[in-house]
Amino acid sequence: MVSTGVRNKIRKLRFAKDEMTQQQLADQVGVTRQTIVAVENGKYSPSLDVAFRIAIALGEPLDAVFYYEPGAR
Amino acid sequence: MDWSFEEKSAWGSLLAVVISSWLFFPVALTHLAAGGELRELAGRAILVVFVIVVVEIVYHSIFAIASRNTGSDERDVLISMKADKWSGYVLAFGVCWIIGLIVVRDVLPGSPPPSSVLIAIYLLLALTVSEASKILLQIWYYRTGI
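Just so you know, the sequences run in chain order X and V. Going from the first sequence to my numbering is simple: count from 1 and add 19. Going from the second sequence to my numbering is simple: count from 1 and add 412.
Source of the hints: derived by calculation from the structure; they are not laboratory data. There could be a bad hint or two in this list.
Cut-off 25 Å, straight-line C-alpha distance, at most; resulting in silico cross-link-like pairs (DSS-like, lysine-lysine) [unchecked claim]:
1. V:Lys420 with X:Lys31
2. X:Lys31 with X:Lys62
3. X:Lys28 with X:Lys62
4. X:Lys36 with V:Lys497
5. X:Lys62 with V:Lys494
6. X:Lys62 with X:Lys36
7. V:Lys494 with V:Lys420
8. V:Lys497 with V:Lys420
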């Protein structure tokens, strides 16, 4: 499995935000649910644009949603 | 199945490519190797085109009814572009291989160069392999991540 060094707290933040579903987040961000699944599982690093839109949808700053682990690829 | 519409579409296209290749290439290559003429393959070629169209339409109709078309997003585009890049290499390799075949058979004494019809079939085969590799890579990227 391909893994990136970009990590995220989307799953945790979704549940903190009234248990938002992946589909609801995907609809707000404007991507498919499978892309949200891939991002959550670290199988896809979104563009900066989508990363910002995810953070806005979750009501958090970008660095509260995404962080980087050097050498974690 | 947790597949996006684009991934389901890729499986449908793979099915169409596999069926059409299986219907056309073994028959065409055997026929031409035995000295047959290209026009005798016209019926087979029409059948293959018909099968591709039917398989694609039926497959996509079933999935369009069963699940909503969510369209494509940046991940789908990126996967498509990466798969395109590698399938381009496959096609280039196929074309170089055919050119090499023509040159070698022309240079070597006692081996006649392949006929233009056979070259056309080889080129079609290279295109098909390239397309199949593109679809397989797309499925691979969807499954393993990008």
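Problem - Structure-inconsistent hints, enumerated in ascending order - result: Hints 1, 4 contradicted; others consistent.
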